[in-house]
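Each chain, written out:
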Amino acid sequence: AQTVTQSQPEMSVQEAETVTLSCTYDTSENNYYLFWYKQPPSRQMILVIRQEAYKQQNATENRFSVNFQKAAKSFSLKISDSQLGDTAMYFCAFLITQGGSEKLVFGKGTKLTVNP
Amino acid sequence: DTGVSQDPRHKITKRGQNVTFRCDPISEHNRLYWYRQTLGQGPEFLTYFQNEAQLEKSRLLSDRFSAERPKGSFSTLEIQRTEQGDSAMYLCASSPRASRPEAFFGQGTRLTVV
Numbered sequence: 001a002q003t004v005t006q007s008q009p010e011m012s013v014q015e016a017e018t019v020t021l022s023c024t025y026d027t028s029e030n031n032y033y034l035f036w037y038k039q040p041p042s043r044q045m046i047l048v049i050r051q052e053a054y055k056q057q058n059a060t061e062n063r064f065s066v067n068f069q070k071a072a073k074s075f076s077l078k079i080s081d082s083q084l085g086d087t088a089m090y091f092c093a094f095l096i097t098q099g100g101s102e103k104l105v106f107g108k109g110t111k112l113t114v115n116p
Numbered sequence: 001d002t003g004v005s006q007d008p009r010h011k012i013t014k015r016g017q018n019v020t021f022r023c024d025p026i027s028e029h030n031r032l033y034w035y036r037q038t039l040g041q042g043p044e045f046l047t048y049f050q051n052e053a054q055l056e057k058s059r060l061l062s063d064r065f066s067a068e069r070p071k072g073s074f075s076t077l078e079i080q081r082t083e084q085g086d087s088a089m090y091l092c093a094s095s096p097r098a099s100r101p102e103a104f105f106g107q108g109t110r111l112t113v114v
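Chain order of the listed sequences is A and B.
Counted the way the working numbering counts, the first sequence spans residues 1 to 116.
Counted the way the working numbering counts, the second sequence spans residues 1 to 114.
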């Protein structure tokens with residue numbers, strides 16, 4: 001089964017500090033993509049960062065970076081210098097490609113609150 | 001606005017009625033997906049199109065659900081004989097190609113069945 005697990009339903013952080021959101025996944029595939037998406041309250045899902053499984057180097061996008069541990073099937077997101085606008089639901093997702101089809105499998109999400 | 005567009009944004013319907021939602025993907029994105037999201041959960045996959053071909057339909061979808069993507073452009077999702085359990089946010093997403101598989105999401109259609 002292809003699954004994504006986010007073990008932290010809610011987290012909070014003070015503005016300007018660093019926070020790490022956890023994600024583990026299960027797959028038998030060797031080549032795949034992993035993503036973190038952000039969903040602010042009542043707003044659309046926005047891509048934060050992506051990681052190709054064949055790349056050993058961890059992806060970074062400005063204040064956002066990942067710690068990708070392929071053997072452990074772990075894909076955590078680190079947010080540095082947290083800002084109030086980072087308050088949102090964060091979803092870890094895994095792209096499955098099988099038999100010509102594609103789909104994202106999402107975790108249940110982590111609700112992040114950045115406090116002033 | 002060149003993002004993914006969904007219409008309507010909100011729909012309230014009585015149980016047993018049929019509803020249809022529309023999604024306009026980003027221009028030239030040949031991959032289109034529909035997902036369903038209930039409160040407090042991550043999106044769940046419903047169906048996938050590559051151009052006009054529907055390549056996968058989730059087992060979550062009963063026969064009351066149908067999706068089309070004529071001419072490989074916009075897509076429609078129809079729910080027949082709606083039930084209260086169909087109440088959810090329906091999300092549409094598109095992506096450009098295999099080498100750039102990241103999906104771009106629309107704002108969703110929130111369906112309430114009363």
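Bear in mind the hints are in silico, worked out from the structure with no lab data behind them.
The structure displayed is predicted, hence computed values, not measured ones.
Just so you know, not all the hints are guaranteed correct.
[Said to hold, decoys possible] No more than 27 Å apart at the CA atoms, straight line, and that leaves these computed lysine-lysine pairs for DSS-like: (1) 108(A) <-> 71(B); (2) 78(A) <-> 111(A); (3) 111(A) <-> 73(A); (4) 108(A) <-> 78(A); (5) 108(A) <-> 73(A); (6) 55(A) <-> 57(B).
Results for each hint:
1. Using a Cα cut-off of 27 Å, the hinted pair residue 108(A) and residue 71(B) is violated, with the two alpha carbons roughly 34 Å apart.
2. Using a Cα cut-off of 27 Å, the hinted pair residue 78(A) and residue 111(A) holds, with the two alpha carbons roughly 14 Å apart.
3. Taking the CA atoms of residue 111(A) and residue 73(A), the gap is near 22 Å; set against the 27 Å cutoff, the hint holds.
4. The hinted pair formed by residue 108(A) and residue 78(A) meets the criterion: a straight-line CA distance of about 18 Å does not exceed 27 Å.
5. In summary, the hint linking residue 108(A) to residue 73(A) is supported, as the alpha carbons are separated by about 17 Å, within the 27 Å threshold.
6. Taking the CA atoms of residue 55(A) and residue 57(B), the gap is about 31 Å. The hint is violated against a cut of 27 Å.
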